[in-house]
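Number of protein chains: 2
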Amino acid sequence: MRCDVVAVGSELLLGQIVDTNSSWIGEQLALVGIDSLFQTKVGDNLGRIVTALEQALERSDAVIVCGGLGPTQDDITRDAIAKVMGVDLELDEEVAARIERMFSSRGRRMSANNFRQAEVPVGARAIHDPQPGTAPGLICPIGDPDTGKVLYAVPGVPAEMREIVSKAILPDLQRRAGISATIVSRTLRTWGESESGLAERLAGRVAELDRTGNPTLAYLASGIEGIKVRLTAKGADTAEAEALLSAEEAEVRAILGDLVFGVDDETIEASVLALMRARGLTLGLAESLTGGMMGSRICDVPGASDVFRGSIVSYASDVKYSVLGVPEGPVVSAEAASAMASGARRVLGSDIGVAVTGVAGPDPQEGVEPGTVYVGLDLGPLGGDAGPEAFEVKLPGDRVLVRQFSVITAMTALRSRLLAAD
Amino acid sequence: MRCDVVAVGSELLLGQIVDTNSSWIGEQLALVGIDSLFQTKVGDNLGRIVTALEQALERSDAVIVCGGLGPTQDDITRDAIAKVMGVDLELDEEVAARIERMFSSRGRRMSANNFRQAEVPVGARAIHDPQPGTAPGLICPIGDPDTGKVLYAVPGVPAEMREIVSKAILPDLQRRAGISATIVSRTLRTWGESESGLAERLAGRVAELDRTGNPTLAYLASGIEGIKVRLTAKGADTAEAEALLSAEEAEVRAILGDLVFGVDDETIEASVLALMRARGLTLGLAESLTGGMMGSRICDVPGASDVFRGSIVSYASDVKYSVLGVPEGPVVSAEAASAMASGARRVLGSDIGVAVTGVAGPDPQEGVEPGTVYVGLDLGPLGGDAGPEAFEVKLPGDRVLVRQFSVITAMTALRSRLLAAD
Chain A
1 MRCDVVAVGS ELLLGQIVDT NSSWIGEQLA LVGIDSLFQT KVGDNLGRIV TALEQALERS
61 DAVIVCGGLG PTQDDITRDA IAKVMGVDLE LDEEVAARIE RMFSSRGRRM SANNFRQAEV
121 PVGARAIHDP QPGTAPGLIC PIGDPDTGKV LYAVPGVPAE MREIVSKAIL PDLQRRAGIS
181 ATIVSRTLRT WGESESGLAE RLAGRVAELD RTGNPTLAYL ASGIEGIKVR LTAKGADTAE
241 AEALLSAEEA EVRAILGDLV FGVDDETIEA SVLALMRARG LTLGLAESLT GGMMGSRICD
301 VPGASDVFRG SIVSYASDVK YSVLGVPEGP VVSAEAASAM ASGARRVLGS DIGVAVTGVA
361 GPDPQEGVEP GTVYVGLDLG PLGGDAGPEA FEVKLPGDRV LVRQFSVITA MTALRSRLLA
421 AD
Chain B
1 MRCDVVAVGS ELLLGQIVDT NSSWIGEQLA LVGIDSLFQT KVGDNLGRIV TALEQALERS
61 DAVIVCGGLG PTQDDITRDA IAKVMGVDLE LDEEVAARIE RMFSSRGRRM SANNFRQAEV
121 PVGARAIHDP QPGTAPGLIC PIGDPDTGKV LYAVPGVPAE MREIVSKAIL PDLQRRAGIS
181 ATIVSRTLRT WGESESGLAE RLAGRVAELD RTGNPTLAYL ASGIEGIKVR LTAKGADTAE
241 AEALLSAEEA EVRAILGDLV FGVDDETIEA SVLALMRARG LTLGLAESLT GGMMGSRICD
301 VPGASDVFRG SIVSYASDVK YSVLGVPEGP VVSAEAASAM ASGARRVLGS DIGVAVTGVA
361 GPDPQEGVEP GTVYVGLDLG PLGGDAGPEA FEVKLPGDRV LVRQFSVITA MTALRSRLLA
421 AD
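Protein chains in written order, with the working numbering: chain A, 1 to 422; chain B, 1 to 422.
Do not rely on the hints blindly, as some may be mistaken.
Said to hold, decoys possible - Chain B is faced by these chain A residues, among others (derived, beta-carbon under 7 Å): (1) GLY292; (2) MET293; (3) CYS299.
Rather than coming from a laboratory, the hints here were simulated on the basis of the structure.
Positions of the beta carbon are idealized from the N, C-alpha and C atoms, including for glycine.
Go ahead and model the full structure; you've got the sequences and the hints to work with.
Structure below.
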């Protein structure tokens, strides 16, 4: 089974927006075992959208077209599909009623244009579940509805597109492809081992899995998001596939232990905040080379305010001395990191203090090589009032990556201390 | 003149890498007045690359194919081009000698595969200038070398691709398109006016420009990077085009004044740091809703350490009171922002203090609506010891944008105070 992807929008061709939708769809198709061999971008032009769809249908069994379903005159994907199918558009009463309800419940006036979004090519079917935005996804059979090819349309808004593709289009594609099995996947996020280190630890497990080919494992290095281990399982139905996945997750977790910090979209910051919140603890930071990135990442998590008290970004050495009480001396050192962590606790009045100091590069500092970073932690009473600790790491990559890796390394260290204290 | 773009690489289809090369090339083509109506991604498969190139050549006058020029067995773009041209590959002695020199000067052993990068389809021409990597760009005439169509190949490494496209391919395309003129562009970065506000201020100027159509103006909203005004000028040669551009820049600057903070890739943080450095001033920050983003952005600028002393991220209200000396009371207020700015100056020992406090959303805080932000500034002696000041802004967008806009708003305010103090 082959499925082309066509992304519609002049702004994509002009480089005003990068087309990340096709990449995401390609990844999802690969995951369920469907090949996506060509992906095309085309502008908001009826004739050219028709051409792109026709060429795609010629070489593939299915096509997902993304974007151009909005309410404005520019949004002509519906018209192009009708032309490809050789049919007219008709109003889908259910979608129209739904759009009307949405507008009236918000007390907003609806324009005639909004009804365009309720138009569906004759013979096509609007996807009512899920329907996360105003424009529904469309399933448009080309030729015989059961044996012919198929064209799917989804909105260009990434969140809406993702929901419709995952919940309605992929299952429909799998059914058509005769993939009676359900394929599900789960991503375990890790930090603390390189990709090759993870592969080494999991080598025995992978050899066992290779015998059946189900589930499978794959790795993906993702910067500040960690190194991801993706588990994919196939089953007769969702329940069977999910059961396989859960069993495999348990196997992998038994091998990787605390290296796993989160599942799917859970960031290390969200994971740490949840653990802190559950324990009623507050957090204060002291940052040097990260310049505030650690605090900023934490504030990305909704509801951070009940845990996060603040961060002392002490970029200049003498701010470390005067504000955080670091003893005068080298500031890229375990001693400085420890003192920074305790200083953060004291100054910010938090239960726990976490600090990072190091050399982001490109040049050495105090004779210390770029990538050398010290993480300091002061767990206060949670650590039995043992006082602060610190450790050194050598991080790879350029200035940007060293700073990102510093954040995830410090947060991972805090996470493991929280778990160890239970 | 129409130019398709074909990006080669299975990892692009699988979503492991997002194809940003096509977007960049599309933008550059638009800039020189060449339409890019279709852009295609295709995997590392000879037959399918040939199909993609043939379809692209059918509908366009020129095609830029990007990627697949490396030394490994996966890199088959050269072979696909030879097939499309109906010719064999031959060794380009100049390129081969260059690659050999590169390896021997680094004391590295060269594998036979590396010579693949010196192979060129018969009748095609390797681009020797510029040649930023080991693989040269290729100019491959299809049919008559002067009147026929043309296929360009560039490496997928973005930096190499950009250099070859800018310096060799765009000029060649313009020559073929009969665009004898040179087209150059410059981007002025602004903050402080909406896109429609800028358009209103520049309406008179744009009306004048419309009479000649040269230079032209365009707007591009770019989040934390500001709102960009792109000037594009056409001239008989580079000198003439650049002169037009400089004259137009002066016109636009006369109208927009301090709204313009940077040119091309210059961020507001880089602009502020340069002004501070030139005046021998140091900077301290106090951040609330931005959580450290302002400090982190400043540290992205190489050499920030001679100006930036640090940031007090006071997320919790009582940290504002205890560390920064903000009087107890509402913390989303002009009074709090002023006190935070002075507190940052005092605690961090900086010449100037800048603060932001506000509501990022999605929910109101202290009864204040999301998007309400106060910026505080304490210029110290530079402000004639007049004490701190603060102002309120209402920023649009979601939680992420409100935080980004807070950073650029505060930095822009500091920039205008620095200029006013001269």
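Against the structure, the hints:
no., hint, verdict
1, GLY292, "holds, 3 Å"
2, MET293, "holds, 4 Å"
3, CYS299, "holds, 3 Å"
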